[in-house]
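S.K.: Let's have the full structure, built from the sequences with the hints guiding it.
There are 2 protein chains.
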Amino acid sequence: MEDIERIKTYLLRLQNTICSALELHETSVKFEEDAWQRPTGGGGLTRVLADGDTFEQAGVNFSHVFGDKMPAPATALRPELENCNFHALGVSLVIHPRNPYVPTAHANVRYFFAEKQNHPSVWWFGGGFDLTPYYPFEQDVVEWHQYASDACQAFGPDVYPRYKKWCDDYFYLKHRDETRGVGGLFYDDLNIWEFERCFEFMQSVGNHFCKAYLPIVQRRKNNTYGQRQREFQLYRRGRYVEFNLLYDRGTMFGLQSGGRTESILMSLPPVVNWRYHWSPEPGSPEAELYENYLKPREWINR
Amino acid sequence: MEDIERIKTYLLRLQNTICSALELHETSVKFEEDAWQRPTGGGGLTRVLADGDTFEQAGVNFSHVFGDKMPAPATALRPELENCNFHALGVSLVIHPRNPYVPTAHANVRYFFAEKQNHPSVWWFGGGFDLTPYYPFEQDVVEWHQYASDACQAFGPDVYPRYKKWCDDYFYLKHRDETRGVGGLFYDDLNIWEFERCFEFMQSVGNHFCKAYLPIVQRRKNNTYGQRQREFQLYRRGRYVEFNLLYDRGTMFGLQSGGRTESILMSLPPVVNWRYHWSPEPGSPEAELYENYLKPREWINR
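Keeping their order, the protein sequence lines are chains E and L. One point on numbering: in my numbering, the residue at position 258 of the first sequence is 341, and numbering is uninterrupted. One point on numbering: in my numbering, the residue at position 198 of the second sequence is 281, and numbering is uninterrupted.
Careful: at least some of the hints might be erroneous.
[Claimed, not checked] Within a straight-line C-alpha distance of at most 30 Å, the following computed DSBU-like cross-link-like pairs (lysine-lysine) qualify: (1) E:LYS257 to L:LYS257; (2) L:LYS152 to E:LYS257; (3) E:LYS378 to E:LYS257.
Since the hints were made in silico from the structure, they are not lab data. The structure displayed is predicted, hence computed values, not measured ones.
M.R.: Next up, the structure:
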């Protein structure tokens, strides 16, 4: 329980740090808070900023759910976890900026712990961060991946390439043959190192998010754009919805296990368009996204 | 094969009839057609009307896919169908009107056939239609269900109640504890009657769709509305997206089995909003929808 308290303390501080940093880009709106309880154990603190100048919607959620019985969907593939005491805690965020030149960002760090009598306890860490540009700048993507690599640096030279590839594989829309964006890091079931080292990795990933994202926000948030750019942004946001509802394990697990719907679905963009059979004109800036960014690519020299 | 040709002829005529009837509500736009081929057998004819005065988007799709090997996702739960020759054909439509007083409508009729050497052949019919109002009128819903009941009349007194209930059960968003709309009919795996009778039922359901929907369109399409009604419509369309991507078997099967993505996802509305933790004011017309319409209810006296 001491470990869980330490992780919880870190996560709540991370949530605060991120919300404060994002608010510096807003003149008139702030994050609003909803504390919620899970009837069968635990709860969370959802923080959402809506209708900002810079951020059309940003959600930064903490949750810590626990109980003496794992939700059924979670044990379907892991029957050994049935009838375990469990704790699942994490911070998850999705930021939908207003300006189409600022990419959407997602980050998550989480910890899972389970035990039952006469069995060794089970735990793992998971998380990562990934970026979804509409009108990408190569500089932004390279720097984003540089920070992702920096976050992994102290943990071995193979960590960034492994979790970068996992991210490309995970955030992939099979029915579109597109990656969701330009990736970053994704990891799950992490317990190959001792607990302290894993916890340090969680902190390194969490702490690198703002370093990686905010310079891009700062650099692009005042770019001039018009209706064309806005429409493309709204169209591409449709892909974000498709990914989150069709493929994202966290979303499905959350909804199936009776998580708080509004906190889970804050990941969905505030305004979205679908257009039947649309594709960008060859050679246009919109086509550039598809051709050079929505396929896995090595962004930094290692 | 003769059966399949007869069904195909009916389906293509139904698609024509419905498209022509919908076009009567438009002054300047028409359905556009895309014929597509499935690399491993069959194809379809997708017809989409976009940016109409009455219909913001309407898709009426015919498809007939076949082959000598069932797509893997389809045989996961039915291993007896592995290595079968199969045919799957149907018409599927989703209509997103512009005016928030006109409900969204969905209809589908389909037929499945499979055989392999030394085994009896397998076939069934499926389909139905259901209505999703934003600002419902009781008269519209009652009449809609009356037509649904009429479609079933000649097939026995228990048919409407059974398929009405199946529709309520199927179009249900568990994570919202809401039905998608006010229902109608849903049936699947239908082969309890002889083939001819089942085919007649398909035709009865198909032919009743326009009768049930167009009077509502006619009655409400010129209702005055403002920004408030439009915003509520866009917000509620989010539920439509959530249902189709999280729960709809046809969507998931289609995408997983390599169907044509753009034809499958024409069901998604052209413009959609999500708003964190929004709920209607008690006593408002928007609250009326939740309180009296998004729960299963008996609409007609039988």
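S.K.: None of the hints should be skipped; say for each whether it holds.
M.R.: Structure-based check of all given hints:
Annotation: proposed proximity of LYS257 of chain E to LYS257 of chain L holds, straight-line Cα distance about 26 Å (limit 30 Å). Note on LYS152 of chain L and LYS257 of chain E: the hinted pairing holds, with a Cα-Cα distance of about 21 Å set against a maximum of 30 Å. Note on LYS378 of chain E and LYS257 of chain E: the hinted pairing holds, with a Cα-Cα distance of about 12 Å set against a maximum of 30 Å.
When the structure is compared with the earlier hints, no violation turns up for any of them.
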